[in-house]
Amino acid sequence: MSERTNLASLLRGPAGVTPDRAALIDGARRLTWSELDEAVDHVAGGLREQGLHPGDRVALLLGNSIEFVVGYFAILRAGLVVVALNPAYTVAEVAVLLTDSGARLVFVDETTVAVGSGAVEAIASCEVVDVSSALWRRLLTSQPIAPGDESVAPNGLALLLFTAGTSGRPKGAMLSHAALLANIDMLRSLEGPPAVLESDTVLLVLPLFHVYGLNTGLGLAVSAGATCVIVDRFDPVESLRLIANAGVTTVAGAPAMYQAWSRVPAAREACQSIRLLSSGGSPLPVAVFDAFAALTGKTIFEGYGMTETAPVVSTTLVTGVAKAGSVGRPLPGLQVRLVDDSGQEVDDGDPGEVWVRGASVFTGYWPAGLGGPDSDGWFRSGDVAYVDAEGDLYLVDRRREVILVSGFNVYPREIELAIESLAGVIEVAVVGVPDDATGEAVSAIVVTSEGSGPSREEIAAHCATRLARFKCPSSIRVVDALPHSSTGKIAKGRLREVYGEQ
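Using numbering that gives the first Met the number 0, read the sequence shown as starting at 0 and increasing by one per residue.
Any given hint might turn out to be false.
Unchecked claim - For lysine to aspartate or glutamate, the following DMTMM-like pairs were computed, each having C-alpha atoms within a straight-line distance of at most 20 Å:
#1 470 to 419
#2 322 to 419
#3 322 to 413
#4 170 to 400
#5 470 to 456
#6 488 to 99
#7 322 to 387
#8 170 to 92
#9 488 to 435
#10 470 to 439
#11 488 to 439
#12 488 to 234
#13 470 to 349
#14 470 to 457
#15 470 to 400
#16 170 to 99
What the hints contain is simulated information worked out from the structure, not anything from laboratory work.
With the hints as extra help, turn the sequences into a complete structure.
Here you go:
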């Protein structure tokens, strides 16, 4: 691939080679590669005219849209830093992140203008740009940025993503242009099947404010010149209709999406154009993997990553074999170690904390870079995994979510897998709760099929046949639904607020 330091340079390739091919499809709106590249040039120039200088932060409080993509690459092309914010955040949440990042400007749309304006009013140190306003239109017609003005330092900061966290103030992970480009290059180097092709039509339904949708979805697609079909809100039936009508060939999704599609009989016909399906963000239950394959005839390649690694660490795409329950092997160019509490590598087959080293690892947390890789380049992920006899990784759990029962480590994911294997279980989350006798106890919150799902007693009996006694849930609650984050991951922090003290 060509030498480049600015992520926005990825647009230059398809704009020069396939200028008239559709780059973005957003409902009835379309932009070709040349139109997208030109719009980015103008907005980048306009941002400079606004008095912004390289290194200044600009926030995006936008849903998935053409405007998000133009704004994202324009900020980067101008040498500025993107602060991607969840459009579902409240005024108070946005105000905190604008303050912490020192953002000079925040882009909003019709659904977020009230929140963005309220946050700016509260901190009075930032300007609001509504992408439906005259100011946005002026940016689109500004003098384009000069080619030499888009260069950035090799390790220049590109993206600031604030981790949600279950408690305390969010931390901003600092991702450089080099780290984002490195992860894309690692994925592009895979051959069986290829992660992206120029001929692909890619569904961008994951939220673009999240690194998975932003770099593994958008960035990867742009690097190949693939057409992107943008969807702001996931609806199982409507998204399947769109896949069929647009001839989508590649989907980067989350477990909740595949679970929802598995319940739609029309999914088999709608998915016939698809050559590659991937899943990430949270573990893909084996039952969902199997149900989706049975319905559609398509297998899902699962991967593992995090914001701090831009994001992919491992995937079953490395071997080209979709393996239920496994997150595959590390990407070429990334090193992974599994380490115990004393800092020693674990024995084969034993679980250990995942340490990652490589070019796609972040530089630390904003603003001082604390919490990043150690002096040898290793980043301690906080995730626990083991490797099977074939060399494939399996996630066990988040290190901080390990439940300590009478001094024994209990990994919630192991219990969740046991319960998920029971017929009639739709979804399950396991959390630790305080216990006077054992320190912590295991609590399982389960969603079951209406009318045909197992009872609490049946779930308990099922666990007793598959788990050691100290791992079995001391409390089981059957509920209608579990709370989820914007990427479909179960929000365990919110579960603890509801059930942790009961």
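To see whether the hints hold, each was checked on the structure:
1. 470 to 419: holds (15 Å)
2. 322 to 419: holds (17 Å)
3. 322 to 413: Distance of about 17 Å is within 20 Å: holds.
4. 170 to 400: OK: residue 170 and residue 400 at ~18 Å, within 20 Å.
5. 470 to 456: Satisfied, since the Cα-Cα distance of roughly 16 Å is no more than 20 Å.
6. 488 to 99: violated (25 Å)
7. 322 to 387: Judged against 20 Å, a Cα distance of about 12 Å means the pair holds.
8. 170 to 92: Within the cut-off at roughly 13 Å; holds.
9. 488 to 435: The hint is violated at about 30 Å.
10. 470 to 439: holds (11 Å)
11. 488 to 439: violated (24 Å)
12. 488 to 234: OK: residue 488 and residue 234 at ~16 Å, within 20 Å.
13. 470 to 349: Distance of about 17 Å is within 20 Å: holds.
14. 470 to 457: Holds, because 16 Å separates the two Cα atoms, which is no more than 20 Å.
15. 470 to 400: With a Cα-Cα distance of about 14 Å, the restraint between residue 470 and residue 400 holds, given a limit of 20 Å.
16. 170 to 99: holds (9 Å)
Checked against the numbered hints given earlier, this structure breaks hints 6, 9, 11; the rest are met.
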